[in-house]
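S.K.: If you read the protein sequences in the order shown, they are chains A and B. So in our numbering, spot 96 of the first sequence is number 96, and the numbers just go up one at a time. Take any residue in the second sequence, note its place counting from 1, add 1000, and you have its number in our numbering.
Just so you know, the hints here were simulated from the structure itself, not pulled from any lab data. C-beta: ideal position from N, C-alpha, C; glycine also. Check before you lean on any hint, since a few could be wrong.
What the hints assert, rightly or not - Derived BS3-like pairs (lysine-lysine); straight-line CA-CA distance at most 30 Å:
# : chain 1 : residue 1 : chain 2 : residue 2
1 : A       : K71       : A       : K9
2 : B       : K1102     : A       : K57
3 : A       : K83       : B       : K1042
4 : A       : K70       : A       : K9
5 : A       : K57       : A       : K70
6 : A       : K9        : B       : K1105
7 : B       : K1042     : A       : K9
8 : B       : K1049     : B       : K1068
As the list claims (entries may be wrong) - The following residues of chain A were derived to be distant from chain B, with all beta-carbon distances above 10 Å:
#  : residue
9  : A61
10 : S65
11 : S67
12 : K71
13 : T79
14 : T86
Claimed, not checked - From chain A, some residues computed to sit far from chain B (all C-beta separations above 12 Å):
#  : residue
15 : K14
16 : N18
17 : N28
18 : K70
19 : S80
20 : A81
21 : N84
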Amino acid sequence: DGGITQSPKYLFRKEGQNVTLSCEQNLNHDAMYWYRQDPGQGLRLIYYSQIVNDFQKGDIAEGYSVSREKKESFPLTVTSAQKNPTAFYLCASSTSETALNTEAFFGQGTRLTVV
Amino acid sequence: AQSVTQLDSHVSVSEGTPVLLRCNYSSSYSPSLFWYVQHPNKGLQLLLKYTSAATLVKGINGFEAEFKKSETSFHLTKPSAHMSDAAEYFCGGSQGNLIFGKGTKLSVKP
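Whenever a hint applies, use it, and build me the whole structure from the sequences.
M.R.: Written out as structure tokens, the structure reads:
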């Protein structure tokens, strides 16, 4: 079935560690996104990518890094510079970041907890 | 700049009564607008989307939304709430980038 797969579902990080969240899609979508979700704050955009080997910072990119080496994959690394990484992370994709009338398809999310 | 505002952070209704979740948008141009639903610890599922073909949009699970340009609104409604509708709902917009409101948590009382 076509869709977006995020892994792992739950992730625990020690202080000072980098961790990488996986996001894979087989929808042949050009655009991919990472959002962070905290209670009462909705979805905040971390990074987005319109095409392979290109990506842009969103509203809260500090302490995060991404890569887009393949169309299907858009991994997110939470670095030790991110001071408050405990949150629910959602990956999404769409046919085109700039096209109108295009909705996003979401993965099931990864819950990251600092221990 | 484009923005989406959900006017209520929490809405509580009784089962069988109507649901109204409010969303306003701010955009210089005609946007694409969406409503998503999120159940706990899950991703977002598309309920419906406005694509300028019709101002009244019907979605899944009996939900619908009406685009009102004069009021810059895209409110989500359902005639009769069901217990399974309890979830968080997000209004979103697309005009070169996908942005979302802060969400409205819907509680349904028996």
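S.K.: Please name the hints from earlier in the document that this structure breaks, with their numbers sorted from lowest to highest.
M.R.: Violated: none.
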